[in-house]
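Number of protein chains: 2
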Amino acid sequence: MNVLIVHAHPEPQSFTAALRDLAVETLRGQGHQVQVSDLYAMNWNPVASADDFAARENPDYLVYALEQREGAKNQSIAADIQQELDKLLWADLLILNFPIYWFSAPAILKGWIDRVLVSGICYGGKRFYDQGGLRGKQALVSLTLGGREHMFGEGAIHGPLEDMLRPILRGTLAYVGMEVLPPFVAWHVPYISAEAREDFLRAYQARLETLGQDQPLQFPRLEQFDDRLYPLNRNA
Amino acid sequence: MNVLIVHAHPEPQSFTAALRDLAVETLRGQGHQVQVSDLYAMNWNPVASADDFAARENPDYLVYALEQREGAKNQSIAADIQQELDKLLWADLLILNFPIYWFSAPAILKGWIDRVLVSGICYGGKRFYDQGGLRGKQALVSLTLGGREHMFGEGAIHGPLEDMLRPILRGTLAYVGMEVLPPFVAWHVPYISAEAREDFLRAYQARLETLGQDQPLQFPRLEQFDDRLYPLNRNA
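Going down the list, the sequences are from chains X and W.
Just so you know, the numbering used here puts 71 at position 71 of the first sequence, and the rest follows in order with no gaps.
Just so you know, the numbering used here puts 247 at position 11 of the second sequence, and the rest follows in order with no gaps.
The following block holds chain X by itself, in its conformation from the complex:
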């Protein structure tokens, strides 16, 4: 299996970086090929802009997704994007490894999503959800956060974590057709003991060693909707 880990944390010694290193070691130990995109170390540019296209379909008015389609077709997309896109297309499993910032991804990782998941390849027209351009691949989100576990879930103060992660899990990873595995979450990380961190590392290793047994999350399928994307069997 080919694995791409996209890592986004500003502190190289962070626990989030330890999760990344453990994933590299564990997955290589199982015989998988692993590449890492360490966005802070790469000084990744997260800002989608006109500069992303060497040639423009419409130089007078930027429609970003339209230029992505042309750029991907003509290989005229910026080199930093093309490199990441090549890694993504190579991968069978994508791991997004990051600390929660405002119940979502840090901007540097959001900008990897904005720029690398190009229209025309990853999605476009009726190619989304189970028909998405990256179907056949798997995705795992591994994340750290400051909150305690009891602050998430039904009736808890922040509600279910999966609901906060909906734009990533459903709106991004499932949207481009990937099979999305349940997230791995390390809770309350800035405040816990070294032993508690070791427990999370052991749990993550065990999880990585048994990924094949994971039940992916369930999302809409296009066959449940008509040609105009109205739901079929609305009252069934």
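If you are wondering where the hints come from, they were derived from the structure by calculation, not from laboratory data.
Hints are not guaranteed to be accurate.
[Stated by the list, open to error] Computed spacing ranges between beta-carbons, pair by pair:
| # | chain 1 | residue 1 | chain 2 | residue 2 | range |
| --- | --- | --- | --- | --- | --- |
| 1 | X | Asn74 | W | Ala290 | 40 to 46 Å |
| 2 | X | Gly212 | W | Gly382 | 35 to 41 Å |
| 3 | W | Glu445 | X | Asp60 | 43 to 49 Å |
| 4 | X | Asn43 | W | Glu445 | 41 to 47 Å |
| 5 | X | Ala79 | W | Arg438 | 41 to 47 Å |
| 6 | W | Gly448 | X | Leu89 | 48 to 54 Å |
| 7 | W | Ala291 | X | Gly136 | 45 to 51 Å |
| 8 | W | Leu453 | X | Asn233 | 29 to 35 Å |
| 9 | W | Asn238 | X | Leu222 | 30 to 36 Å |
| 10 | W | Glu445 | X | Glu25 | 57 to 63 Å |
| 11 | X | Arg221 | W | Glu398 | 51 to 57 Å |
| 12 | W | Glu398 | X | Asp227 | 24 to 30 Å |
All C-beta atoms, glycine included, are put in the ideal place defined by N, C-alpha and C.
Assemble chain W onto chain X, guided by the hints.
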């Protein structure tokens, strides 16, 4: 009323920019003070990093929120952040004006949130949700998207738009204590006629002229939870 509009679109002639201009004109016409942060025009840096702090509480290990608290206290936070923070603290109403990228904010705007909503001022400890540091202020999200309205809602292919916007509406704006007004949404924008765009502009103007009549969205209140943030009256 003081109004800060944070605008994030890579195309200066975009319809999203027309929404921004209309808001400036309409709100000034009503006698309000308006400032605009045009993130693309400002070449805003969205990447939270160690460079954001002139002096470090802990130079050997970056805990971003901790350094924010110290930096805000000592006024040693980066000048570009301090300028935006000053605008935010001046404002009675914050408008986030952007096109939906991956069911959430473009990275450049996510990085405004990551860097400007500093710990110790906007939130911290038990100061969040209705006790957040920005309580007393209002927030409005005005956005454009490619999808059609019938693709959102209960039973629709993408589910309710508010669920996709949860990390912004609840996890960010409500979290820092702002009163969050229902979003203004312009649907299917890249594909609609000039007349349909005019209709959206008229609807937005009417909305802006009657903001005082809006019913804010409802979110958790800390009084519903105990000292450890477990829910009270779990079975009530």
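Results for each hint:
| no. | hint | in the structure |
| --- | --- | --- |
| 1 | X:Asn74 to W:Ala290: 40 to 46 Å | 45 Å, holds |
| 2 | X:Gly212 to W:Gly382: 35 to 41 Å | 36 Å, holds |
| 3 | W:Glu445 to X:Asp60: 43 to 49 Å | 33 Å, violated |
| 4 | X:Asn43 to W:Glu445: 41 to 47 Å | 45 Å, holds |
| 5 | X:Ala79 to W:Arg438: 41 to 47 Å | 44 Å, holds |
| 6 | W:Gly448 to X:Leu89: 48 to 54 Å | 51 Å, holds |
| 7 | W:Ala291 to X:Gly136: 45 to 51 Å | 50 Å, holds |
| 8 | W:Leu453 to X:Asn233: 29 to 35 Å | 31 Å, holds |
| 9 | W:Asn238 to X:Leu222: 30 to 36 Å | 47 Å, violated |
| 10 | W:Glu445 to X:Glu25: 57 to 63 Å | 60 Å, holds |
| 11 | X:Arg221 to W:Glu398: 51 to 57 Å | 23 Å, violated |
| 12 | W:Glu398 to X:Asp227: 24 to 30 Å | 26 Å, holds |
Checked against the numbered hints above, the structure violates hints 3, 9, 11; every other hint is satisfied.
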